[in-house]
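**Student:** Next come the chains, spelled out residue by residue.
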Amino acid sequence: MISISDVRKHYQMGPTVVHALDGVSLQIEAAEFIAIIGPSGSGKSTLMNIIGCLDSPDSGSYELAGEEVGELLPDELAEVRNLHVGFVFQTFNLLPRATAIENVELPLIYRGVGARRRRAAAEQMLERVGLADRMTHLPTELSGGQRQRVAIARALVGRPSMILADEPTGALDTRTGEEIMALFEELNRDGVTLILVTHDQALAAHAGRMVRLLDGLIVETRAGVAV
Amino acid sequence: MNARAQLVMLWENGAMSFRSILSNKVRAFLTALGVMIGVASVIGLTALGHGASLSVERRLSTLGANLLIVYSGEPRGTSLVRQRTTNIAPMLTADDLAFINSLPSDLVVRTAPESSRNGQLKFENRNTVATVIGTDPDYPAIRNFQPMYGAFFSQLDMESRRNVAAIGVQTYRELFPDGRDPLGETIRINGLPFRVIAIMEEKGSPAQDASVFIPFTTYRRSLSGSDNYAIINIQAASTDVMYELQETIENELLRLRRVPSMEWANFYIANQMDLIGTVTGVADTFTLLLAGIAAISLLVGGIGIMNIMLVSVTERTREIGVRMALGAKGRHVMTQFLTEAVILSAGGGLIGVGLGYLFSWGAQRFGRLASVVTPDSVLIAFSFAVVIGLFFGGYPAYRASRLDPIEALRYE
Ligand SMILES: Nc1ncnc2c1ncn2[C@@H]1O[C@H](COP(=O)(O)OP(=O)(O)O)[C@@H](O)[C@H]1O
Ligand SMILES: [Mg+2]
Numbered sequence: 001m002i003s004i005s006d007v008r009k010h011y012q013m014g015p016t017v018v019h020a021l022d023g024v025s026l027q028i029e030a031a032e033f034i035a036i037i038g039p040s041g042s043g044k045s046t047l048m049n050i051i052g053c054l055d056s057p058d059s060g061s062y063e064l065a066g067e068e069v070g071e072l073l074p075d076e077l078a079e080v081r082n083l084h085v086g087f088v089f090q091t092f093n094l095l096p097r098a099t100a101i102e103n104v105e106l107p108l109i110y111r112g113v114g115a116r117r118r119r120a121a122a123e124q125m126l127e128r129v130g131l132a133d134r135m136t137h138l139p140t141e142l143s144g145g146q147r148q149r150v151a152i153a154r155a156l157v158g159r160p161s162m163i164l165a166d167e168p169t170g171a172l173d174t175r176t177g178e179e180i181m182a183l184f185e186e187l188n189r190d191g192v193t194l195i196l197v198t199h200d201q202a203l204a205a206h207a208g209r210m211v212r213l214l215d216g217l218i219v220e221t222r223a224g225v226a227v
Numbered sequence: 228m229n230a231r232a233q234l235v236m237l238w239e240n241g242a243m244s245f246r247s248i249l250s251n252k253v254r255a256f257l258t259a260l261g262v263m264i265g266v267a268s269v270i271g272l273t274a275l276g277h278g279a280s281l282s283v284e285r286r287l288s289t290l291g292a293n294l295l296i297v298y299s300g301e302p303r304g305t306s307l308v309r310q311r312t313t314n315i316a317p318m319l320t321a322d323d324l325a326f327i328n329s330l331p332s333d334l335v336v337r338t339a340p341e342s343s344r345n346g347q348l349k350f351e352n353r354n355t356v357a358t359v360i361g362t363d364p365d366y367p368a369i370r371n372f373q374p375m376y377g378a379f380f381s382q383l384d385m386e387s388r389r390n391v392a393a394i395g396v397q398t399y400r401e402l403f404p405d406g407r408d409p410l411g412e413t414i415r416i417n418g419l420p421f422r423v424i425a426i427m428e429e430k431g432s433p434a435q436d437a438s439v440f441i442p443f444t445t446y447r448r449s450l451s452g453s454d455n456y457a458i459i460n461i462q463a464a465s466t467d468v469m470y471e472l473q474e475t476i477e478n479e480l481l482r483l484r485r486v487p488s489m490e491w492a493n494f495y496i497a498n499q500m501d502l503i504g505t506v507t508g509v510a511d512t513f514t515l516l517l518a519g520i521a522a523i524s525l526l527v528g529g530i531g532i533m534n535i536m537l538v539s540v541t542e543r544t545r546e547i548g549v550r551m552a553l554g555a556k557g558r559h560v561m562t563q564f565l566t567e568a569v570i571l572s573a574g575g576g577l578i579g580v581g582l583g584y585l586f587s588w589g590a591q592r593f594g595r596l597a598s599v600v601t602p603d604s605v606l607i608a609f610s611f612a613v614v615i616g617l618f619f620g621g622y623p624a625y626r627a628s629r630l631d632p633i634e635a636l637r638y639e
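Residue numbers (the numbering used here), protein chains in the order written: chain H, 1 to 227; chain Z, 228 to 639.
Check the hints yourself; a few may be wrong.
No farther apart than 25 Å at their CA atoms in a straight line, the calculated lysine to any residue pairs in the SDA-like style are these [what the hints assert, rightly or not]: (1) Z:K252 / H:P96; (2) Z:K349 / Z:L237; (3) Z:K252 / H:E127; (4) Z:K252 / H:P139; (5) Z:K252 / H:L138; (6) Z:K252 / H:R97; (7) Z:K252 / H:T16; (8) Z:K252 / H:Q201; (9) Z:K430 / Z:R415; (10) Z:K252 / H:G23.
Note that these hints are calculated values from the structure, not bench results.
Whole structure, please, built from the sequences with the hints as guidance.
**Tutor:** Below, the structure written as structure tokens:
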């Protein structure tokens, strides 16, 4: 489904050039659960953002479902994100003034789904992540784990072909993190493609495959034990 | 996107904008304050200007409707109010009047010639001086100057050259300080006995209130001896024909005098339209000036909106990034911020309309100023406010829509 070949991305920082990605090639199949690990600054988020069509590479090719992403216009990229990608961020990125259910509805708003159907879909997703009784809470009225569940419900509500989770448990305590991981595994069992960025080896062990990045290069690929 | 999806977006933008505005009410209020004041001042100030112009028009119309006055003498400005033309040599002839009376009724409704001079008035032991005006029974109708008590002299009084007098209210007060009913009493004008038949209404100007009206026939026989008139008052059929009528009369009177142009004429015609035109012209200029000042304040209000919207876009960079990550396109972000700017400016405009009415009401109630809100000014000021919101909200909204999603998401 995803085919990345020789993707590069660098940043000019004063006199030095930082190679965030230095020629990365990677294939990801539908319904796969893949973990991307590596130390901080190794290029994990950069790769993730490119996969999610938020960022574009300086060179190299990225094909999504047979289509070359580099040729898409900004509005088309927005549409791909809206229809095919569900983001889960380390810092949740919920809109602070919107309630849980309003946050979950957002992707459907940009798809032009009417209020009633939107609400129904959002309610269903919040129930799915175990927040049936927190729908009208504001993010500040929720715990970290609950906030991340809202974010997951938001990523799922549009039934995207892939979920991109960038250190989703990074801001959570171990136990809550495990709960979130369990939720991800459950989703993956239902057929959602899951790409998980983490620097935690133990979490990565849940994945079907693990890719290790170092200084913008893939240095190791390993099939996991799970699945 | 289909039409239904567009509608969903529009509705959601409105809802989101309202929420964002309500979440910071004080700031929203301060942002819209400039527009509020701008709209209120456009409406309030034009109300004052319009009120002033209306009250002038109203005062002018108390002179009489569709009034044209032919004066003896050289033109000295075209004032309808300038007279009392006491003691000017009467140079308008019976032929002049006959010509004017011969004009069709779709030009002239009625005429009243008049001549006047100062007279010595006496009743019992009271003396006073007043303008004695010899005129026609139609005078009250033409000059909109009616008796408030009793009746003006009639055609019969005129034909019989009766010694009857309708006295001005000030003259009445001078001669009858005890406030008695003067009807039927005999006063003396330059020693001649006249029976009082009416008290004229109060006009507020001494020229009109210190006066005595008697039939022109009586006036000619007893006081002047001249057949000529000093003035001919004419009521035209409508405002539309007044200039045409003026020209017709001028031409004929010049012809009768064998005089080539008005420069050499011994008469001139004052036209009520000129006066109304001049005065309302001044008032309109004044209104325009006020509106201009107010429009500038509205513009300043728009800049205030732009300023705050730019701050708001910067503050919400991360929110914009999140929305874009979830699939918002540039135009979604654009319309969201535009909607917000327009809601602010339209809301400010609406409150401004209320304040404008309040201002106008207050000016009338407490400032004792004539003030009339015109629907035009409300419509113009409000639409201008909305346009200003669109215009000044446009740039910040455009900036927001052009943010790079990844940069926006990373923004702290
Ligand atoms: N916008 C940017 N400007 C400059 N350098 C950047 C930018 N984004 C990422 N980088 C650099 O690229 C490298 C990879 O970053 P990132 O992909 O965020 O790493 P990770 O997510 O693995 O911690 C880092 O050295 C980081 O400093
Ligand atoms: Mg990272």
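**Student:** Kindly indicate which numbered hints from before are broken by the structure, ordering the numbers from low to high.
**Tutor:** 2, 3, 7, 8, 10
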